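Q: Assemble chains B, C and D onto chain A, guided by the hints.
Protein chains in written order, with the working numbering: chain A, 1 to 350; chain B, 1 to 350; chain C, 1 to 350; chain D, 1 to 350.
What the hints contain is simulated information worked out from the structure, not anything from laboratory work. This one's a predicted model, so the numbers in the text were calculated from it and none came from an experiment. Heads up, none of these hints are tricks.
Below, a list of computed lysine-lysine pairs in the PhoX-like style, where the Cα atoms sit at most 20 Å apart:
| # | chain 1 | residue 1 | chain 2 | residue 2 |
| --- | --- | --- | --- | --- |
| 1 | A | 186 | C | 186 |
| 2 | B | 227 | B | 165 |
| 3 | C | 276 | D | 51 |
| 4 | D | 276 | A | 204 |
| 5 | D | 276 | D | 264 |
| 6 | A | 264 | B | 51 |
| 7 | A | 276 | B | 40 |
| 8 | B | 204 | C | 276 |
As a plain string of letters, each chain reads:
There are 4 protein chains.
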Amino acid sequence: MIEAAIIGISGYTGGELARLLLIHPEAEITYASSRTHNGKLIGSVHPHLRKLLNLRIQSFNPEKISDSCNFVFFATPHGVSQTMIPQLMDRGLKIIDLSADFRLKNLNTYVHYYGRHTCPELVKKAVYGLPEIHKEEIKKAEIVACPGCMASASILPLAPLISEKVIDLEKIVVDAKIGSSGSGVKPSRSTHHPERANVIRPYKVAKHRHTAEIEQELSLLAEADVKVSFSAHAVDTVRGILATIHSFPLREVTEKELWRIYRKFYGQEPFIRIIKRREGLYSLPDPKTLIGSNFCDIGFEIDEHVGRVVLVSALDNLVKGAAGQAIQNMNLVAGLDETTGLFFPGLFPV
Amino acid sequence: MIEAAIIGISGYTGGELARLLLIHPEAEITYASSRTHNGKLIGSVHPHLRKLLNLRIQSFNPEKISDSCNFVFFATPHGVSQTMIPQLMDRGLKIIDLSADFRLKNLNTYVHYYGRHTCPELVKKAVYGLPEIHKEEIKKAEIVACPGCMASASILPLAPLISEKVIDLEKIVVDAKIGSSGSGVKPSRSTHHPERANVIRPYKVAKHRHTAEIEQELSLLAEADVKVSFSAHAVDTVRGILATIHSFPLREVTEKELWRIYRKFYGQEPFIRIIKRREGLYSLPDPKTLIGSNFCDIGFEIDEHVGRVVLVSALDNLVKGAAGQAIQNMNLVAGLDETTGLFFPGLFPV
Amino acid sequence: MIEAAIIGISGYTGGELARLLLIHPEAEITYASSRTHNGKLIGSVHPHLRKLLNLRIQSFNPEKISDSCNFVFFATPHGVSQTMIPQLMDRGLKIIDLSADFRLKNLNTYVHYYGRHTCPELVKKAVYGLPEIHKEEIKKAEIVACPGCMASASILPLAPLISEKVIDLEKIVVDAKIGSSGSGVKPSRSTHHPERANVIRPYKVAKHRHTAEIEQELSLLAEADVKVSFSAHAVDTVRGILATIHSFPLREVTEKELWRIYRKFYGQEPFIRIIKRREGLYSLPDPKTLIGSNFCDIGFEIDEHVGRVVLVSALDNLVKGAAGQAIQNMNLVAGLDETTGLFFPGLFPV
Amino acid sequence: MIEAAIIGISGYTGGELARLLLIHPEAEITYASSRTHNGKLIGSVHPHLRKLLNLRIQSFNPEKISDSCNFVFFATPHGVSQTMIPQLMDRGLKIIDLSADFRLKNLNTYVHYYGRHTCPELVKKAVYGLPEIHKEEIKKAEIVACPGCMASASILPLAPLISEKVIDLEKIVVDAKIGSSGSGVKPSRSTHHPERANVIRPYKVAKHRHTAEIEQELSLLAEADVKVSFSAHAVDTVRGILATIHSFPLREVTEKELWRIYRKFYGQEPFIRIIKRREGLYSLPDPKTLIGSNFCDIGFEIDEHVGRVVLVSALDNLVKGAAGQAIQNMNLVAGLDETTGLFFPGLFPV
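Isolated chain A (complex conformation) (with noise of 0.2 Å):
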């Protein structure tokens, strides 16, 4: 039995890791903490957990959670974790990290993005957790560092294409669109809904921290420097992410060999699905039809016109971008089959 602990309840990601562990069939939560709703229950700071979930928040305490549980969930903005995940080592606990602190292997790219990081000699010990890619280390880690939401979406659709060496490196933008829970749960003028409504908001067209974590991954898979051209935007949705890619192949390639490549590299996935058809309101992935699930949806279109293939991807942000993913992980670690308590079909139309 998975015994968790949710450090950064507060947050949407931390509720809706609380949600999920909630529903799944092996876990239980034990303990959850937050810097700001000490004593509080879990339900009076996330009103759809009311009366579902008798737990109440504590500040962090490393001998408690070692005491009560086995996983450790990190939700915490970046910066937080790798100061407590030290004081979590060698008491035998899985750590599952939803933040950025230990995506990056190289030190120098975190400092660039994020600032100093006061733990490095970690990093190495951590794994990427996009199961997709990692699934083998993932099993075996003692540290798994979730990817962030839109790296998720870029990289999965890109993985197939430049692991077979297809599409020109030199030439990937990448044009992500996200509602307005990817903000987190803070308000600010720029999630005040009378100015958050109706925007189709460049919020980041460039210098995006996600940026660091595409290029580190796509870099592995094709064993060659991979930059990419990362654009953010906002648009009026609250969950979901649709990254539109547009890659310039590097030969001529059909439909029939896209199907063919990305069947082959994603096959036996049970969280990806190939979404293509040739007419018709749905014949390409939007997040709409995923809510609450964990899938990533991915589709593909050739436009000879310019000699283009324009990718596109969705996924729910706070669930294959966040929490689901996270349990994922959580599952690949545990042994236990990597959809346990993750079967959920995508609420529609919401």
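A: Frame of chain A; chains B, C and D shown alone:
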């Protein structure tokens, strides 16, 4: 094992039934029909079910249904099940009808609100499927007539105060607000996004059909004739109903007494939550906090200024307002725990 | 020529005043102040006014105001104008106050709902700025106290029926729904997009402050004490209020008679439209059809089933509910046609 | 005085033309036709124009038009104006066509993207109605072919960099996002609110028709053949387009140089604003800040990491993307100041 047929699979209620049956541990969908999508895979009609449900839509065929099913769900528009159910009788099938056809005991009332009824003799066999009110009868029913979504949201908060004779039966105002999925799957100008987005539209401020069943059930509880001032509004969300009920107590009541009455009436009910906190954003029910779940949240507030008790109820119109309640009824008829397959905490935020 | 000061420019009402004055043919903004954005260009606070209004925000300075202005608008939170207006008296300035400070004639009521009033002696000088009710007094006013947005939406539809003694004064239920801009410019969890999107939230079902002014004005019209059952809800749109008013006639009324009453009362009013069609999507008012305009649309429907007259009113809370009405009042005080600068048909669809 | 006919009044573009002509000081609507609403008042089709425009819709009649009008606007689907305009020639009428029929100079391209053209001989008479590019020709035009909404949003930000030969013509990626009003007035499943709300939907990631006119205009400016990688997405708002353009400079460029280029190209243009601030929520264009206005806001950001210049443009698809630009063209043809009747700052927040 429950083997279920869904008649009218192509609408939103049909899709939601399919989703809920898919994750139900004791049920399986063995048959699905629709007038409009004969031969298609369910996943080609409902994009969230793609690759999850490998079943083709057929035309309605009573023999095939009785060969492969023991439960039959009707997710059809009103007027349809009354012509089909007679063909299914005496085959040992249990019927769960989500349409209006068998809800109203008084034929004249049905005719007034809906038009002709071709099968009045089966009406008395049907049990009104609001489990919190008619649980024991439902367990033994052959036909369960599931309530309208607005009716559930109106009857549930009023039932305790009417049973306890707290409020004036002459002055009950129900002001309901609903999301767009309540309009069904068929496009029209009223649901065209440019015209439906950002509305606060009074779409039926008098003569709403659900008035009839609300009055039927409240009159039974009151043992007196109850009339209700019902008005419905469309607001900009996909799922959710909020009913605000302005009621006027016959005598002075205190919060404590109201708490006592609601706890007594609903204390054992797994899908009713009394939501009333002194302060905070979620001090009263809001459908936003229970989307995807089978809860009906109920709250109240005393307005001494005018001698009013304001009741507020919230539910997901496609779950507790339709498919979830139908599954709850199925569980009761099948002798299962009524929460089987329905434990889902609500997706939040969404 | 009107030379206007806007005190409290940084809020949404301030921004809307600036927009309307900018396009007003007889007015100019010559002064703007705010506690929080001293020294900034107005366009750096209000993105829609960028490059259109080359004026810097100052701190409040009565001398400068009386040197450069003849009209002063207060778009401040309650409690502010009562401390500033005394410093502006006897300078020949006309005051248009959009806050609550001078709306209530009864000091005790003000204190009950809002707290201390430091300047009660000026209250009697102020005229309640609902032009359709107090036009002649407004023309001669030195201080106009503009109504609350919810109050305008409630008083305007009720005034004719109360004046004509058609409805029961003991049974008036106002169920109001409002968009997020009504919450003002300051972010909080209640307006945080992930939590504010898709709500149908009962945010003040009793004890709403606007009740006081609604009752004051209706009592004047009724020549009797009127109490109102008022409840407010937040829905997912940025602009707009719909008030649904459940009223109960003292005698039988016909549609024809109601038409006659409304035409008589409002036939000459340029910003009141009676919207009542036999059928169709827009047969009753919906704020969606008048966004950006100064209209208040009013409709009605008789519900014979319970002996009810349902009134429905719609307006844009930032225009007819605030800044537009303030400009209408300014026009009246300045001796201009009251529609000057306010002819805008509503942006649709939006 | 301009006396205008609107052909195709019943769509959103027709309604927007009517609204703008209604508030235009030098124009009057004297004729309106539609295939579908013959005999109705305009206000019964467009709810925001109720009681403001007392004109009935007629069927298309060239004689009546030439008797009562001097300007004719076509707000018809493609394929219609090419059959009607020949009947209006030689009557001294000025034609402003908002459809695609006369935009493309190359007949083969038209046929490829739209199908048959019955009136190719008039194509060379038509001027492409993007005033910032073709102002002098428009002033003398008999037929103005107004650009597609996506085309305006793409050409305007690219024109300066292409004219100045800054960017690589082989690598231009335009990733556009648009609201639902762009789909027109006719309901379908793709615009049905339950399915259209909360989408981030790739609806045309290759082969979008507007590609043709974008390439035509950019090739003219480049004096070379330009091909564009264009992809369009539907997002959840009613109005607004954001185009994100990923371009790659041929040599190193600085922000200062880009500022200089844009100021030189657009410094005198009343409807182009360069929006680029170092920080803050509105540091780049967002259609949210200009809804209802005729502005096209343009911003840029240099991404040194990959050697990219990201351009961002925003406009209201029904105003600068359609009806507003048409009025701007009408003003130019009529010899008026091009801003006449178009000074509206954008409704915010909405």
